[in-house]
Amino acid sequence: MISLKNINKSYSIGSNKLHVLKGINLGIEKGELVSIMGSSGSGKSTMLNILGMLDNYDMGEYYLDGKLIQNLSEKKAALYRNEMLGFVFQSFNLISFKNAMENVALPLYYQKVSRKKRNILAMEYLDKMGLKEWAMHMPNELSGGQKQRLAIARALIAQPKVILADEPTGALDTATSYEVMKILKEINDDGITIILVTHESDIAAMTNRIIRLKDGVIEKNIYNGDLQEFRSQNLLNENEIKKIHETLV
Amino acid sequence: MNFINTDKLQEIWFTIKQNKLRTFFTAFGVSWGIFMLVVMLGAGKGLHNGVSTGMGDMATNSMFMWGNRTTVPFKGFPRGRWVRFENEDTKALKDQLPEIEYIAPRLQVFAAQGQNNVVRKERTAAYSIQGDYPAYNKIDPSNILQGRFINDNDIKDKRKVVVIGVRVLEEMFDKDEDPIGEHIKIRGVYFRVVGVCSSKKNDQQAEQENQQIFMPFSTMQSTYNMGNRVGWYSITAKEGFSASVLLEKAKAVMKNRHSIAPEDGRAIGSFNVEEEYLKMARLFTGINGLIWIVGIGTLFAGVIGVSNIMLIIVKERTKEIGVQRALGATPWQIRKQIIIESVLLTSVSGYIGLVGGVGLLELINYALTTFGANSDMFAHPEVDFEKAVTALIILVISGAVAGLIPANRAVSIKPIDALRDE
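Which chain is which? The protein sequence lines are A and B, in order.
Just so you know, we're using the working numbering here: the first sequence kicks off at 1 and counts up by one.
Just so you know, we're using the working numbering here: the second sequence kicks off at 1001 and counts up by one.
Keep in mind the hints are simulated off the structure, nothing from the lab.
Wrong hints could be hidden among the right ones.
What the hints assert, rightly or not - Subject to a maximum C-alpha distance of 20 Å in a straight line, what follows is the list of computed PhoX-like cross-link-like pairs (lysine-lysine):
(1) LYS1414/B with LYS98/A
(2) LYS1414/B with LYS76/A
(3) LYS161/A with LYS182/A
(4) LYS1414/B with LYS1319/B
(5) LYS1121/B with LYS75/A
(6) LYS98/A with LYS1017/B
(7) LYS22/A with LYS214/A
(8) LYS1336/B with LYS76/A
(9) LYS116/A with LYS1008/B
(10) LYS1017/B with LYS117/A
(11) LYS220/A with LYS5/A
(12) LYS1336/B with LYS112/A
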């Protein structure tokens, strides 16, 4: 589904040049649930932005669903984002003057789907997220968990191939975080590839694969089966793992 | 997809509601601009209406010519000799100057110092009496209210008939009395009334003209012992000929006939309506140009205000625009939204200014008409439909232009930077 070949990216800050990504090679299969971890400045957000076509890269090749994503025009990038990607942000980024239903329907608006049709679809997705009775409420009337569920519904409505989540649980408490993760796992079970950036190891542990970035390169690629190894690195304690398994079951 | 739909209007309504005071002031700038433009255009038109009604329907290619005293000795004649036009001059002018359209020799019997010269039954009054040809009503027409103007047979037969001004009718006749066929006595001679006319001008000029009595030119010459004298000429040039050139030619003909030195500039007096008219036309072109420059300038200031506010709105909503773009809004969709918002803001506020301006003009017009204050300087201020539509088109275009810079600013920011904006 996703293939990165020797991706390089640097920012120029004043006269200095900051080399953020130093040759990323990565393949992600369809249906994977991947988390990207790393300390701040490791380049994880930059990588997600490149994956999301929100930012461009200096060198290398990025294939999404077999299409080379390189030097796209803004129009083309908008089209690809709309058709292939769904975004979930840490700060939800809901449109404040649109009610829940209209927020969910927004990606379809850009696809020029009729208002009636997209509202019907939006109601379906709201129902899936258990937010049907909140359809006419404005975002500021919802709780954090509800907002994020709303954002997930919005990411899903255009039936994307990949969902990109930038710290989706960053602004939520633990219980709500796990609730959101559970939803993401359910979506993943339907065959949608999910890539999320997080710095919380318990959240990362709920994914099938963890990519650890350090100083702009992939330091480790940990698969779910290797949680043992993960534990040996003392990233998680016994209790946490137990709790995670409880929530997942 | 419709250019404007519920979602776009919702977004615009939200931005307006967000900051009502700011929106109001922005809108006011545009409203005021168009208001000023409309009011000034109306006032300019009022000035034009006033001055042009002052001229009535007088032919703009006409001129007047009369004899004065010579100022240069010539061919043995001393200076200071009176130049008197005669019937033969009329014929000579007609024969020698084919570009003459109408030529009306005229005579006048003044009411000497308030001395009453017109009598009917017990009533007496002083009016100015004109001796005219039918052509005069073509050169400086008045409204014929009843009957007719002087005709060719009146001239030929030297009939004792008169056409009276409407004020004469009011003063010399009873209300509801039919004046046609009635007789009035002018300086001791009875004349039959054949028509009533009123001036097309306004103010004092109209008042003066409504106190006139017209009689056939030939009748006046013979009745009041004027021989073959002509008081002055009223002449119009044929289409395509300049009245000013014709005037010079006519003067040359007269100088030749009356042995006046060619360099004598004061022996023949004249008044050139065409020249006056052109002067006035140039003046109004100037005034109109000034109005448009000032009006468009004021409007432009308002439009810049809109552009500024739109820039601020775009800045405030940078993050939101970033989210919209992440969700798949194309740059054009973002641009369109901002331009439509700008156009809507300018055209709605401009429309309010337009309605306000037209309303004020109507009010002034109503007041002027009600209190009879229309004068030969200012009358019936109005803005024609064409100009109003032009102003609206200018508004929509300038709204779009005002939105262009903010719209481009909105899409020039990379979506990722827009998303990061706090």
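Hints, verified against the model:
1. LYS1414/B with LYS98/A: Roughly 24 Å between the alpha carbons, so the hint for LYS1414/B and LYS98/A is violated.
2. LYS1414/B with LYS76/A: Measuring from Cα to Cα gives roughly 14 Å; hence the hint holds.
3. LYS161/A with LYS182/A: Satisfied, since the Cα-Cα distance of roughly 19 Å is no more than 20 Å.
4. LYS1414/B with LYS1319/B: It holds: about 11 Å lies between the C-alpha atoms, which stays within 20 Å.
5. LYS1121/B with LYS75/A: The given pair, whose Cα atoms are some 96 Å apart, is violated under the 20 Å limit.
6. LYS98/A with LYS1017/B: Roughly 14 Å between the alpha carbons, so the hint for LYS98/A and LYS1017/B holds.
7. LYS22/A with LYS214/A: holds, 10 Å
8. LYS1336/B with LYS76/A: holds, 17 Å
9. LYS116/A with LYS1008/B: At roughly 16 Å apart (the allowed maximum being 20 Å), LYS1008/B and LYS116/A satisfy the hint.
10. LYS1017/B with LYS117/A: Cα-Cα ~28 Å, so violated.
11. LYS220/A with LYS5/A: holds, 17 Å
12. LYS1336/B with LYS112/A: At roughly 14 Å apart (the allowed maximum being 20 Å), LYS112/A and LYS1336/B satisfy the hint.
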